[in-house]
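A.B. asks: Here are the chains, one letter per residue:
2 protein chains.
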Amino acid sequence: MPNPIAEELAKKQQAISVAEFFEKNRQILGFDSAPRSLITTVKEAVDNSLDACEEAEILPDIMLHIQRSGKDDVVIIIEDNGPGIVKEQIPKVFAKLLYGSRFHALKQSRGQQGIGISASVLYSQLTAGHPTKIISKISPDSPAHFYELMINTNTNDPEVLSDKIIEWDQPHGTRVEMEMEASYVKGRRQSVYEYLKATAIVNPHARLTLIEPDGGEVLFERATDQLPKPAKEILPHPHGIELGTLMKMLRYTERQKLGPFLRYSFSKIGHLTSEEICKASGLDPELVPQEITRDQSKKLLGAFQKVKIMAPPTDCLSPIGEELIYKGLEKEFNVDFIATTTRSASVFSGNPFVVEVGLAYGGSLQKDDRIDIMRFANRVPLLYQQGGCVTTHAVESVKWKQYGVNQPGGSIPVGPAVLLIHVASTNVPFTSESKDAIADIPVIQDEVELAIKEVGRKLNRYLSRQGTLKKRREKEIIINKVLPRMAEKLAEALNREIPDINPVVAKVMGNLLISRKIEKIGDDKVNVSITAKNFGSKKYDFKLHDMIPYKINNAVPEPRVITIGNDYDHIWTMVLFPGSSRAVTYSLESLTDDDIARLSSPIVEGLEEEMVTGAKAIKGVI
Amino acid sequence: MPNPIAEELAKKQQAISVAEFFEKNRQILGFDSAPRSLITTVKEAVDNSLDACEEAEILPDIMLHIQRSGKDDVVIIIEDNGPGIVKEQIPKVFAKLLYGSRFHALKQSRGQQGIGISASVLYSQLTAGHPTKIISKISPDSPAHFYELMINTNTNDPEVLSDKIIEWDQPHGTRVEMEMEASYVKGRRQSVYEYLKATAIVNPHARLTLIEPDGGEVLFERATDQLPKPAKEILPHPHGIELGTLMKMLRYTERQKLGPFLRYSFSKIGHLTSEEICKASGLDPELVPQEITRDQSKKLLGAFQKVKIMAPPTDCLSPIGEELIYKGLEKEFNVDFIATTTRSASVFSGNPFVVEVGLAYGGSLQKDDRIDIMRFANRVPLLYQQGGCVTTHAVESVKWKQYGVNQPGGSIPVGPAVLLIHVASTNVPFTSESKDAIADIPVIQDEVELAIKEVGRKLNRYLSRQGTLKKRREKEIIINKVLPRMAEKLAEALNREIPDINPVVAKVMGNLLISRKIEKIGDDKVNVSITAKNFGSKKYDFKLHDMIPYKINNAVPEPRVITIGNDYDHIWTMVLFPGSSRAVTYSLESLTDDDIARLSSPIVEGLEEEMVTGAKAIKGVI
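Chains as they are written, first to last, in our numbering: chain A, 1 to 622; chain B, 623 to 1244.
Isolated chain A (complex conformation):
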């Protein structure tokens, strides 16, 4: 007699449609709170528009319109100038989960999963009960198609409520309109505004326009007309391929023999490598792929590791680049120091990836808060799940104290810094379909740590230089206070003129002394000599500027002269070894004592203030 319990339990067993699954688990898709639901939708829509524009090599122009439609509801309209979607595909692209063009392609793209925008359609019908309205047009000569779509959650198939041709004044592009329970928030990191701002930083070729519920319009204008280098689709690389994947590839390939199968199914396997692999695995290149057993596949996999195969091509990736990261940080934050790095490509499970990091420090950033981590994956800002992201875990694993940054409790460091981290890959391993955090893949964590350490070392050099300079400055302040008073007292006691203490200061501080002597020769001539003496222990390499409102005569050596308004900037380039000195001389005509008193002091360009006595110092660029 069969057990009634197992029979009873069996009655409840049933298949679950993927739409049903995500309807119940919508938090997995990023719909767990009203503000986040809106951001998730904006993110999916903007991702799609940017991907489509890049694939069609169009400079993206994306308009986002958010309107309040009820106490807890908003209407979201996203319109782009992309290539449009062919009529037949529209229902499936928007109203079928797990449908897309980028899932099987091995190249860097924002959408990878085939879930994105259809998840928003699902959430929209769940919370507002309305269909999503789509307009799409693929060329100026093609009609604009209008659809009203819902998802049948029992079958995960599109339900078409309306399908017609309409007038639309755009040459090509797509417009999506949906209503949902969501809320528009301002003034915090996790907001549509900040999402778009961060998107603009790493996608300077895009123009993004936001019309807020209160009617306010925000324009993120494109900073360049240059499209990013398009990522190229590649074949899988033999390293990191799983046994099961290889077996599946062998089973479904169109090739008749193992040799050609290897050459045409993988990147970086040519004739020679293919032969070597067959030899190392002990398999005949003439074998029929479909007949290769599990154990033979395992030998093949072993041979992939033994034979030398070139690293995967990296043109499937499109990193942001150090320059752009630098500019982005510089534009958005008022800081004293920026360091950036783009690592060379690595591989996890056969997927090439690149890590980029930018660190901005000081300036007006908050000193007592945890550092601000800006995370990006394939040029998309990640706003949620920071604590669950491998990039955060890498930040926590780094010993920040060695770079001069506080790290209480060994977690996220505290200090005036912004850390930008970008992971670009043909397949970013997100921890969930909401694509907010990257999984703890050891090799990715290693790469992020190495990148952070690189910028950390640069920061440390900057900070220790700042520390030395600070100490020098403090020393000089003391010397500058004490010495003049001593000199004054001495002069008073001896009834003599107060001596020039600059040489003494320079000597004590071990730095560069600049002294300008002005000698009146009769009534109409003035001789000027400027002496630079290096009291330090290092070579000083600098430019000496004497900016005065007069033309000079008989200059030795002859300076370069630049006219700036009423002033003439006289510039001498100097290299002074420790202990050496150099003088420049020139003469002026008819200066009164007042004129002389009004002359501003010389300027040293290229040295820190603390390195110079007797002249102003500007850092400049030498």
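Keep in mind the hints are simulated off the structure, nothing from the lab. Everything numeric in this text was worked out from a predicted model, so none of it was measured. You can take every hint at face value.
Below, computed lysine-lysine pairings styled on DSS-like, alpha-carbon distance capped at 27 angstroms:
| id | chain 1 | residue 1 | chain 2 | residue 2 |
| --- | --- | --- | --- | --- |
| 1 | A | K232 | B | K646 |
| 2 | B | K1080 | B | K949 |
| 3 | A | K229 | B | K633 |
| 4 | A | K306 | B | K646 |
| 5 | A | K616 | A | K470 |
| 6 | A | K24 | B | K851 |
| 7 | B | K1021 | A | K186 |
| 8 | B | K930 | A | K24 |
| 9 | A | K401 | B | K989 |
| 10 | B | K901 | B | K928 |
| 11 | A | K133 | B | K920 |
| 12 | B | K634 | A | K87 |
| 13 | A | K11 | B | K851 |
Label pairs and their calculated CB-CB ranges:
| id | chain 1 | residue 1 | chain 2 | residue 2 | range |
| --- | --- | --- | --- | --- | --- |
| 14 | A | R461 | B | V969 | 52 to 60 angstroms |
| 15 | A | Q190 | B | Y948 | 33 to 41 angstroms |
| 16 | A | D295 | B | V807 | 25 to 33 angstroms |
| 17 | A | D295 | B | V840 | 28 to 36 angstroms |
Where is the CB? At the ideal position from N, CA and C, for every residue including glycine.
Given chain A's structure and the hints, the job is docking chain B onto it.
C.D. replies: Using the frame of chain A, we list chain B on its own:
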């Protein structure tokens, strides 16, 4: 002429099978590193066994056998004494993603998603290329079925490689054997051992046996024969139902009229409430559900909020309970203090949930590390993604300083504490299919924070009392050092016996003084009196024990007597108000002076050591 780009892009559009999706995104299922892949598999298998046993009301007996099968591969065997699975269901249960019995049921269970174990089968075939072997038997009289299964990832359907009847010496149960790329690690929180230990803490009715790769056997024996209260399946509650869900329910209901639809589709809607809802929404109870429009549905939804509806039933939940949490923490950790709380049930999106928290503090826990957070959802330990979990975010949001715990950088506090957090719900909103972290649902975060604050306040009281006691102890040490020496000197000077200074100490310290006087009456009788005097400012509530190896006579008042080995424990319960005193008397027969000297001092049960002078103090339980 149509735009060639959109046409080109359309060619790549295709449906993605759910198996294919998870094959590519296996990190989402918890397979992102070798150690984690093993833990995920163990977790899914143990979850299934525990769920099935509970449903069949069987005390679970689960055997886990892990063997190394290659450099990077292991074989995992899990065998349970559960109700078994009927033959027809075996292939789908193990080799079809999104298939299960608990997805649609509104009650607390471990498996909710219909993904679990089939994900392990998928990962096994991907990395080891072998089918999974299943044996299942539903009763002693039924045959044991043996299956070898793989998943066809193109269609997400089972591929049956073997299907036969075998001999199996178990009366009923299921045995799963699979090989995969994974690794067995020891000695860290994220390990199979710690997973089972944590599982045992919150499932004391289960027996878990682990055979490790090196042959070592670990037994987590059940601590109780009592099954947890079974969670009952409920109907959805009207509060938190989404508009789309309501529309779907109306469309697919078997009821012919709105009134019965409401009564039979929701919990807590009876005749009266149903009528009120119809009235408040302006809808006729006779309406045909399938004909109700979106706008009418919206009115219905509005009425759910207006009409008073009782809170959802909570017998769909099965919390661990404060006592069990207390015992679990006490058993596993050597600590000074434990506080626990089980909050009353709340609701998110129509799903009832309960939060429980236990806090263990002090003892041998590390003082300088971040506190240890043990997270559980529906009695399942959560080992990964701590940083991405709402429970962690709640821990970070609480201002721990007010409870006497350090919290550098406003993140996870630092101190000698273990914080156990359990969220039980009919639908735990995990952030991903790997079920490692709970999403940031505001109402859940609120409940966790409130629970933490409750135990935090208890901790604070304990710590400030400890602070006071510490001061008292220091004071007493000084007094105990100084007074005896003063008394000694005084006695010496006056040539008298050293006086008993206990009354003075008790008076100075303001505490309970216990003094036992023993008087010999002739050779064969001894009178004993024990006096307790309260010098403090609070009422003392305690038990006085006099544990001696003799029977006593003529006791006034009569004590309770417990025989412990050769000793008799005489117990008097006492309540002493400030300033008052009480004496107990009894007599003994024929004691020598040596016997008297060997008597141990009385014991006070229920007061801190610092509160008592002249007797030992034990905390005990009053």
